[in-house]
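*Asks:* Chains A and R supply the protein sequences, listed in that same order. Heads up: the first sequence begins at 1 in UniProt numbering, then just goes up one per residue. Heads up: the second sequence begins at 1 in UniProt numbering, then just goes up one per residue.
Don't take every hint at face value.
[What the hints assert, rightly or not] Derived lysine to aspartate or glutamate pairs resembling EDC-like cross-links, with alpha carbons at most 16 Å apart:
1. A:Lys15 - R:Asp320
2. A:Lys392 - A:Asp594
3. A:Lys383 - A:Glu394
4. A:Lys15 - R:Glu84
5. A:Lys406 - A:Asp460
6. R:Lys397 - R:Asp329
Bear in mind the hints are in silico, worked out from the structure with no lab data behind them.
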Amino acid sequence: MKGAGAALRHDSALKHTTGEARFADDLAEAAGTLHAALVLSDVAHGTLLSLDTEAARAMPGVVAVLGPRDIPGANDIAAIGQAEPLFADPLVEFAGQPLALVVATTRDAALLGAAAVRAGITPLEPVLSIERALELDQHVVAPQTMARGDAARAIAAAPRRMEAEFRAGGQEHFYLEGQVAIASPGEDGEIAVVASTQHPSEVQHVVARVLGGACNGVTVTCRRMGGGFGGKESNASWVAAAAALAARHTGRPVKLRLARRADMIATGKRHPFLYRWTAGFDDQGRVLGLQALLAADGGWSLDMSGGVVFRAITHALNCCDVADVSVTGCAVKTNTVSHTAFRGFGGPQGALLMEDVVHRIAAACRLPPEEVRARNFLGAAGKGEETPYGQKVEGDLIARVWAEAKRDSDWDRRRGEIAAFNATHPTLRRGLGSMVLAFGISFGVMHLNQAGALVHVYSDGSIRLAHGGTEMGQGLFVKVAQVVCDVFGVDLDRIAITATSTAEVPNTAPTAASTGSDLNGWAAHNAAQTIKGRMAEVAARRFGIAVEAVVFADNRVWAEQAGGNRFLEFAELAKLCFLERVSLSSTGFYRTPDIHWDRATMRGEPFFYFSYGAAVSEVIVDTLTGEHRCLRTDIVQDCGRSLNPAVDRGQIEGAFVQGMGWLTCEELWWDGQGRLRTVGPSTYKIPGSRDVPPIFNVRLLEGAPARSETIFRSKAVGEPPVLLAISVANALKDAIGVPALDLPATPERVLMALRGDGEKIARD
Amino acid sequence: MATAIGFLLNGRQVSLPPGTSPTTSLLDWLRGPGALPGTKEGCAEGDCGACTVVLEAGDGARTPINACLTLLGQVHGQAIRTVEGLRGADGSPHPIQRAMAESDGTQCGFCTPGIVMTAWAHAREGGEVHEALAGNLCRCTGYRPILDVFATLADDAAATPVLPAPQAACFEAPGQVFHRPVTLAALLALRAAHPQAWLLAGGTDLGLRVSDHRERPAEVICLLGVPELHALRAMPDGIEAGAAVPYARLLALFRQEPGFAPFATLLARLGSRQIRGLGTLGGNLGTASPIGDALPPLLALGASVTLASSRGTRVLAVADFLRGYRVNDLAPDEVVVSVSLPRPDPADIFVCEKISKRHDQDIATVGAAFRLRLASDRVAEAWLAFGGVGPMAARAKRAEAALAGRRLDADALEAAASALASDIAPLSDWRGTAAYRLMVAQGLLRRLHLRASRPDLPADVAGYDP
């Protein structure tokens, strides 16, 4: 029996490698399926006066051209709050905004039709930078401040003070499978949607809203995604809504699959940030007071920017403590695509603030940044263990992960070796950098911290498991199945893992915020536990013992103890339950206990617990060209008592490399008209295999079960390790001897920083 | 003359119905009519590798290619294997498929079929692992488990296909004609008759127009069946390469031939293994893109091209062949037949450079190739060629002049770097600002000094061994 804690492989692994695993676009198309393509604005800001669709309608194969007037319900695909139109009407707010949808008998006909639609747009002045939006005071999330003490006074009273400004770019998700949805009309106005989505319930809501119907007429399923990373949270909903609209109009199944270019232009990305801060500190590098502004580029609409700002603010001090602090966060409104969830959800951007503070202050004090950071750790001498918003963290774990990473990386010896190399090589410079993280786990939006599951045991002892979580490659399905195995004491092959469906588990949260296994694991546990209780009663009667003495283990149900004389095969007992008319089906529900947040005071305990981790990275830089490489990384990551160490290691490695991409080579580039010009892998460079550190040591923190009551004392791991990639950016600063480095640290930014004009890279 | 497209697919002969568009991408065909959706579309521009399939040659060679860039007319007479074709006769997964699954080499699984096919080819072909994987992007795993599997691959010694001898073919579909001549004379006659037709060799540029931009060309002349364009010969004074020789073959030869190692190092970074399996020098010259990786070395070597038409043949220096931004000297009825690459003198300093955001499979922000001939310690002749810093790849004549007659010391290269500022006129775009491009081009001259003066030291980050 291999339940929780076993390093089982991904349940679909062999199907992935043989090509059998079916993604949405791989499913055989129903007869009569139509294909849709989007008409996108190429103007960043303007008023849509006309849409000339005549040429498109006349093209062979084109069945319909649909715009805002064709929407039976609301032209609104907002995830939260305010109206965000599916099709611009009449205000166009970014280059790439959907204007209409062309439906045709083939995908090519739809794409050619879409290219033939002419939009008449009267241009308005676009706002294309965070700075300009701040000047205009235009926001999608108004400034909000988390404060403790009197930062201004502490800064004024401090022996030294410093002001700085820096930027971090956004990030394209670049899930390998692009956005796709297939909508099929049924009887009585029903719509069945197969979507690549992290949030089937939201797809359901948005489809129902756009069609003007009720949720019970919309069924959404998702077996798996080819990657999500947050990009298929809110953005999957409008893609599905467009497909559903076309299905409603034509009465035929419609597939909308975005080409990579359209996907990159029309869907949101990680928020770029601008940071401005003032700190007061002493000669030992202790930060005594800090005032900071974190301004996210929200893009044209709210989307989920509120949550991103919340997480950026709550993670701005990361693992550090500053007694007197005031952090203001906002998301400005610009005429760019609406930025959205991306692994870490503002947490990585928040954590960059304190790293910038630490590195610049360390340079000013002529101290190693690691020493400065450690002196400011939560729980360090003279520092508290409570975040400015009032939640206590485990300072001992912060100190511990850093100590272990430092030891694993052989820090002191390598510092000397690197110094010797740098003293002799004429142009190459090596550098060592580190990162320590404390990442809060739970959704910032309280009501999302819930999950449901549905478990059936059939009379032959086989088990069917459904829950609200979605599989995007992170191994959620196998982890939750392991939980159910553990409850029933059975092997994994007894459990059928099924597609996520709103028909089986309703009203779910997105699979996001690293909470997938925490929430769905508990929900499935609770469902299984209910059934197990009923089965145990039947077994107890059969054995003539107390219910408490029934033991489920090794695919059997034992009297008194596993391995004893008296047992029933699990299947036998299931059959017995059926014959005795005992229900073998149950839902399960879970909501995260004890968390709360007061928006008015910006205080509370919004996180169920914190995840901790530390990393050390080494880089080498060519001072002639700015080219660089990461040579080695050592990671220690806290996963509590891991549900599946193999899956967790994969999450750590993948998150780190993805974070490295964000911080080093992935650059979004908009032209002067606000058009994104990095619209495919030929122009937008995610890490390749050579970019992974050739020495890459990843270790799960040992002997550290979660202290809160998580599922089997495990901890979430999807997002926190993204922050560990900041160690690479820090190593680059060390190598070039300049603490000020805008991100992503492309060879160009590194060279410019070296030459002393690294503050800004001009946009043409 | 064949009129129906036919090829071996997973060991079975497939013959496509008449009227099938010969410019349908292999990927669209596999996922549609072919009913083999294991091969995925990730980008439709030949960069992500999710659509990787393997071209199986009659000699057993396995070339991974991007199915998104490959047109049906191109694979006529060839053998293709997809992820569905790797299972054993009893239906059991291939050992590579098992290994990838058991080593946690998959997360979302979308890139996996392409990676499995790259692995299957690599198991036979060998070579450096990152070079093999450069054309396959994975967004989930961070590659570590995939690299572990690649480190232990074993060739399965599976049988090689028997391929038919090439014969002339012409495929027609509504509004389209696709010619596949098998003699140079026939090619030149077709070219004279159809000056508007696409000349298709590897298709890494034209395939993109079909796959990504959904163009449907009316006329195509495919160069793959013409033996003269596939000739590749090494001679004492240099290499003669047919215009349609894929980079992969060129790279293999460069690695063996004295004097060409620096060019080989650069070619190993041109596109990916998939792109090099298709892409050709002739194509790079034909598009005359200012960022063609191979162009600066051709200029630095003093290479020449042989052009042919029914009117006759002429030979032109590459420097004279390139005329401007995506403009070359090719007449409407002409084709590039071959390229002559003079062998550098053993005493020459020859260096090829490429600066890009990512080391592998990226387009150059700045490309460069330098060749210096020294006589009694002084620069007798200098060829300094750059790409990506102007409308076309070109030599930097002022910088060359600044070096002439000087010792190759830091001062001389500083002088060349200063002069370079008036040689080049880079633009700003998503790959880099004009200021950065100039700075880097100058930096590459300084790096040349380091390479020449301190061969004992790693000169760049790629050359540093941790």
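*Asks:* State for each hint whether it applies.
*Replies:* Right, here's what the structure says about each hint:
no. : hint                : verdict
1   : A:Lys15 - R:Asp320  : violated, 54 Å
2   : A:Lys392 - A:Asp594 : holds, 13 Å
3   : A:Lys383 - A:Glu394 : holds, 13 Å
4   : A:Lys15 - R:Glu84   : holds, 11 Å
5   : A:Lys406 - A:Asp460 : violated, 53 Å
6   : R:Lys397 - R:Asp329 : violated, 21 Å
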